Amino acid sequence: MRVMGDIMKKHIKAAIAVVFTVMTCLFGGMNAFAMGLGTAVWSIEIEYENAPEGTAFVDLLLPEKTNDKYYPDPTTNENDEKHSVCRNVYAAYLGRGNDDPIILDDSCGLAVYDDGYTSCMLKRYFVQYGSADRDKCELEFGVPSNVQNQEVFEYYGRFKVAYCNEKGEVLGVTEPVKVKHVSTTCLYKVKASGNKAEYTVDRDGSVFIQLFVMALIFGVPVVIALVIGLIIYLCVRSKKKDKQSVK
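Under the working numbering, the letters of the sequence shown match residues 1 to 247, in that order.
No lab work stands behind these hints: they were computed from the structure.
Note that the structure is predicted; figures quoted are calculated from it, not measured.
25 Å max Cα-Cα, derived PhoX-like pairs, lysine-lysine:
#1 K189 - K65
#2 K189 - K136
#3 K191 - K178
#4 K136 - K167
#5 K180 - K191
#6 K65 - K178
#7 K180 - K69
#8 K196 - K167
#9 K82 - K189
#10 K69 - K82
#11 K178 - K136
#12 K178 - K196
#13 K196 - K180
#14 K69 - K178
#15 K178 - K189
My request is simple: use the sequences and hints to build the entire structure.
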């Protein structure tokens, strides 16, 4: 009898250990998924290819709006996020020729470009600096910022991509892209190729995670009870077979 009890304890401990291991893996994976957006919400990533010759970086062009809430306000305190616009594009990638940042002023082509769409970097306050690579450019907001990626895209509803050279001159512009509203928290990423542009959406998994966690909270105790019950049943059945074999 004591031996049988020891066997049951051993099986129950093993079952609990398996359940605990599975739960740890599940929660670890869910946590990584739910926090996947991270500080990326304070930036806009633009990948590009088939760009005009001489392209050093790209910028987002956004439609002009009356009383645009993202226009800079130079009358505010100089430490205020709304005080000024992005002036530097850091582009130290291999093949560019030098490591100096690209300095943009109010007279460059990007600053004066206006076809109903104007520069995100030079005409909106939330971009602090640009970070360019050979085939990608990231518009970095302050960290933290009172502006996030999703609200920018959904506020304007459309965008274009401008290809620019070292002097900030506009070499080419894509056709406009219409943005669809997303009901859950997400991150918009842009990709341009020649005169075409598109976007993808990375969704925040936290809503789905909350529902899944609720299911686990109620489901796991039931699973554990079933496993323990099964072990007890198998042990009792094994004991009866042993008695019958003795007879």
